[in-house]
Structures are given as C-alpha cells and as structure tokens.
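For this one, chain A is given, so just place chain B on it according to the hints.
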Amino acid sequence: MEDKLQILELLAGDARLTPERIAVMLDRPEAEVRDAVAELEANHTILGYRTMVNWEKVGKERILALIEVRVTPQREVGFQAIAERIGRYPEVKSLYLMSGAFDLAVFIEGKTIQEVAFFVATKLAPLDGVTHTTTHFVLQTFKEDGVILTDGRDDHRLVMSP
Amino acid sequence: MRNRSWVGRLNPTVAAVKPSGIRRFFDLASEMKGVISLGVGEPDFVTPWHIREAAIYALEKGYTMYTANSGLPALRQELAGYLAESFGVAYNPGTEILVTVGVSEAFDLAMRAVVAPGDEVLIPEPSYVSYEPCTLLAGGIPVMIKTAKEQGFRLSAEQVEKAVTPRTKALILCYPNNPTGAVMPRRELEAVAEVAAARDLIVIADEIYAQLTYEGQHTCFASLPGMRDRTILLQGFSKAFAMTGWRVGYAAGHGDFIGAMTKIHQYTMLCASISAQMAALEALKNGRDEMRRMVGQYNYRRRLVINALKEIGLPCFNPGGAFYVFPDISGTGLSSEEFTERLLMEEKVAVVPGNAFGDSGEGHIRISYAASVENLTEAFKRMGRFVRRYRLEQAANMV
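Protein chains in written order, with the working numbering: chain A, 25 to 186; chain B, 72 to 470.
If we strip away everything but chain A, and leave its shape as in the complex, we get (with noise of 0.2 angstroms):
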C-alpha cells in the first residue's frame, strides 16, 4: 500500500515517468511496479494521464467561469442525483458540493464569454432542481493545479560550487 502510494504521488507529479524509471526511483523490482500500475488503472483509481497547459501561451481562447448553484435536495438521493445531471455536460470541468451560502460550485469552460452564458441559461439554471444561479467569470489564471503560471524555470544558482 505504501509502494502504491508512492507510485500515485510520482505520477500525480510527472505522468510521464516509466514503470522502468519508477522502480529505480523506489527501489522495486519493475514488474512489481507494472502490476500495481496495471492494477491501479484497472480499478480506476488512475483515471488518466494528462500535459498540463499554459492555453494563453498559444493565444487559445478559454473562458472558465465559477457558476455558483442552489439547488433542492431530493428525498433519498440528496444531492447526488441532480450533481450527477449537471457533471455529465462536457462544458462542466469540476463541480463540487459546497458548505456555507450555495450548494453546488461548478467550474465551465467555453470559447466565449457567450457560450458560458448561453449555457446557464439554457442547461444549467432551467434543470429541475436548481434555484438559483450565480455566475463569476474568471479574468485571470494565476495558478492551476500547483502550478504558478508566471513563474519562470531559471536556475539563479552559480554555475559551480562546493
């Protein structure tokens, strides 16, 4: 279980590392690494491997919006049901169940500020269930999954040192 972890968390890091590479990094034989890849996708707790990018750097328009969302809860199923509606469009990247003043918090990305509009209106807010609405429009990405966007890669160090 260990092991396993501390495969998730190189991955989580660097997709791209081999099951070869993993094993000297761990210090386990590979095929033992390979299976438990193997495993751990199997069992979906590996749901994908994915590059992380800058989309300002190659001018891609990219409108993301928090779409704050009130909804009923209904008997038996709560919450689940209608998140479940609502996670199944593609426009919505992340949708979370929140404590405090709303319910839901879903993240959109569309082309256009437009597009994100034209969704709420017509998919997200007429849903049975949903009471209310309230969108925010992000204006900029300073941070994504860990990663600052501004922040550059060099190496301040002296070239050589003891």
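Don't take every hint at face value.
What the hints assert, rightly or not - For the chain B half of the interface with chain A, some residues (derived, Cβ under 8 angstroms), not all of them: (1) F96; (2) D115; (3) Y199.
What the hints assert, rightly or not - With a straight-line cut-off of 30 angstroms between C-alpha atoms, the simulated DSS-like cross-links for lysine-lysine are: (4) K356/B with K167/A; (5) K135/A with K117/A; (6) K104/B with K81/A; (7) K81/A with K135/A; (8) K452/B with K104/B; (9) K452/B with K220/B; (10) K167/A with K81/A; (11) K167/A with K84/A; (12) K381/B with K28/A; (13) K220/B with K233/B; (14) K147/A with K135/A; (15) K147/A with K117/A; (16) K452/B with K28/A; (17) K220/B with K89/B; (18) K167/A with K132/B.
FYI, nobody ran anything at the bench for these hints, they're computed from the structure. All C-beta atoms, glycine included, are put in the ideal place defined by N, C-alpha and C.
Just chain B now, kept in the frame of chain A:
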C-alpha cells in the same frame, strides 16, 4: 611604481593558501551556453515560500537591527529543542549554542578558537574545500587522512589513531560527506570516539548534511557517549531547508568552546542577519514537512543517478547521504581534470573534478544530484556518450 606587486607584503600564510580547484572550470562553464551543471553544491529548490514570507513579514514589521551576538534567543531556544528531539543531544540555549553566518563562519570560528600555532588538525580526505585553508589561516597544520573508495570513503579509527601525534589538537568529521556522499555507521563512529577520548582530541563535526541521510539513521557524533563535551557540532539551514543564500548556521557545544567562538564572532561578525534568523526560526517551527518532502525527492534522484552510472559503467560506491555521488572515472584513461574539462567542452555538462577535494579525490568526479530529473536525464545521456567515446579511443590506442 604603478605596477608594483604587493604580494610580498601580504600575510605569507594567506599568500600561501592555494586558490580553489574549481575556479578554472567555473570560469569556463560560466561563459558557455546550454550547460547542464551537476557541479552545484546547493539545493535546486528555492527556499519554501512560508519561510521567505516570514522574512518579508519581519522586514515589514521593522526587524532590521542587530540581534544578540549569539543569535535571537527564540531561535536558540528552538534549536535546542530541535537538536534534542532530532539528534538526541541536549544544549543550553543560553551558553551552548551560537548562531553564525552559515556553517562556514562557524567552522572558521571553531578553528580559530581551538587551534594554536603548530597544532595539528586531522582532516579526512577527500575533503570539503574549506577545511585545509581554514586550518592554515588559524595557524594550524593540516594533516590529511586519505580515505579510499574501497572503504566507501569512510574513516576508520585505526587511521585516526595512526595519524595522531603529541601535537594533534583536533579531528574534523563531515558525514554525510561532501564530496563523496559517504555516511558513517554508528559503530564505526563509536570506534573513532574511543580514539578521540583516549587521545584527548577536540572533534569538530560538520553535520550540515545530517538531515540528508537516506540509508540508516544519521548518528550525531556529539550524541555518542562521552562525546558531547569534546565535540563542536556544526549545522545549518542551507541544505535541509534550501536556504544557502540566507547564510544561517550554528554551532553547539561545551560552553568553553561556544564562549570562545562567540568572543571572535562578536568582534568580527557581530551577528547573523536578523532577517535570515527570522526565516530560520520559521523553518524550524513550520518547515519540517517540506524538508522531508525535499529529502524524499533527493532520494529518488540519488537512485536514478546511481542507476545511470551503473548503466554508463562508471564504478561508484553507494552514497548514503548529502546530494553527491563520487564515481571513479579512471577507467576512461583521463585524469579528473581532463575528464571534467572535456565533458564540459564536448558535452556541456559541468561536474567538479575529484582532485579539487584533495589528492585522494584524483580519478573521481563529484556529481551533484541537486538538479531536476529532466536535467539529470539529459546530463547522463550526454555523459554516457562521452564515456563510450573515450573507452573506444582508449581501446584503439591499446591495439
């Protein structure tokens, strides 16, 4: 008159100190583009943000003055707790701990406090570059004890015993070791401790890499039975907390040693920078999780590097600490300086030649794995190509 040389008027002791063995390579590497440097003796991590933020906050609050000579009382208090908890050795924060401008200053103070003209100081070699010059500057006579790769660059009690003369005053220990990465198991340190006690040696234990121990547990020399009072323990924040540029270290030991060192420190340095001390306090209080994370990263890289050396075919013993490996490159037919210079010129990878750490480092290079996995991977690809080329060349020459 304008071209008159003043060298003859300099202090001859200073004039006789040799310039650093890495200077030439530093100059070469600094002028080149696209160099991957594995020649850096400091972490590649930037100081964790909460530590930097604490220093900024201290500046905002107006902490811009001197501190007590021996350091902020709160920092010494925290250090005493830390040393007791992590290394099992208790010090009185009022009289037995001195905060210094890096371990470098602490080492210089220890030498000046302890060494009288003509005293011999035992220095295991390969050795960090400062020990010999600082001994000379203090008026002492450095006596190098050569450690060998066959022994994993560990020091044996017999070697110490053999090197002791009636004039021997002090023994320097640096484990985990820079440049070799060697660590000393507890029982071997105990044997050295017996000699130190029998020969009444003062031990200066530079344990700056203590937290960077990957195999087994670090044994603090001062924690061995009977050693606390004859050991000047030196540690700092540079390596474990990625704080090299802040320059904060400390010495802990018997009040007579710390008192003498404080006397020199108060007249020559006055105190370490208050901002840096504030940052160090934050590091000790809230930085240990982050420290452990960084140590974990070093350990991953250590294994990658050892594996890469194995694949290249450069023999290397398994370094248990610090962030250095010290492979044997003699099989290429090149001296350590030739290897370093050609690797730099031909493949743009910078390492440090082993002879920069004394004659017994000849035939080796020091590789620092305080570098990103990406850079390590690329550097070892280049190094592999380089070594294969020289092997072939050597084989051709033999025919």
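K167/A and K132/B were given as a pair; does the straight-line alpha-carbon distance stay at or below 30 angstroms?
Judged against 30 angstroms, a Cα distance of about 28 angstroms means the pair holds.
For a C-alpha distance cap of 30 angstroms, please report whether K452/B and K104/B respect it.
With a Cα-Cα distance of about 18 angstroms, the restraint between K452/B and K104/B holds, given a limit of 30 angstroms.
Starting from K220/B, check that the Cα of K89/B is at most 30 angstroms away, please.
holds, 25 angstroms
Take a quick look at whether K81/A and K135/A sit within 30 angstroms of each other, Cα to Cα.
holds, 16 angstroms
Interface hint status, F96/B versus chain A (Cβ within 8 angstroms):
holds, 6 angstroms
Is K167/A close enough to K84/A, meaning Cα to Cα at most 30 angstroms?
Between K167/A and K84/A the Cα gap is close to 17 angstroms, so the pair holds against 30 angstroms.
Does Y199/B meet its interface restraint, that is, does its C-beta lie within less than 8 angstroms of any C-beta in chain A?
holds, 7 angstroms
Check whether the Cα positions of K356/B and K167/A lie no farther apart than 30 angstroms.
holds, 27 angstroms
Starting from K147/A, check that the Cα of K117/A is at most 30 angstroms away, please.
The given pair, whose Cα atoms are some 15 angstroms apart, holds under the 30 angstroms limit.
Taken at face value, is the distance from the CA of K81/A to the CA of K167/A at most 30 angstroms?
Between K167/A and K81/A the Cα gap is close to 14 angstroms, so the pair holds against 30 angstroms.
Just to be careful, I want the Cα atoms of K452/B and K28/A compared with a cutoff of 30 angstroms; is the pair within it?
holds, 29 angstroms
Given the hinted pair K135/A and K117/A, is their Cα-Cα distance within 30 angstroms?
Roughly 13 angstroms separates the two Cα atoms, so the pair holds.
In the structure shown, no violation is registered for any of the earlier numbered hints.
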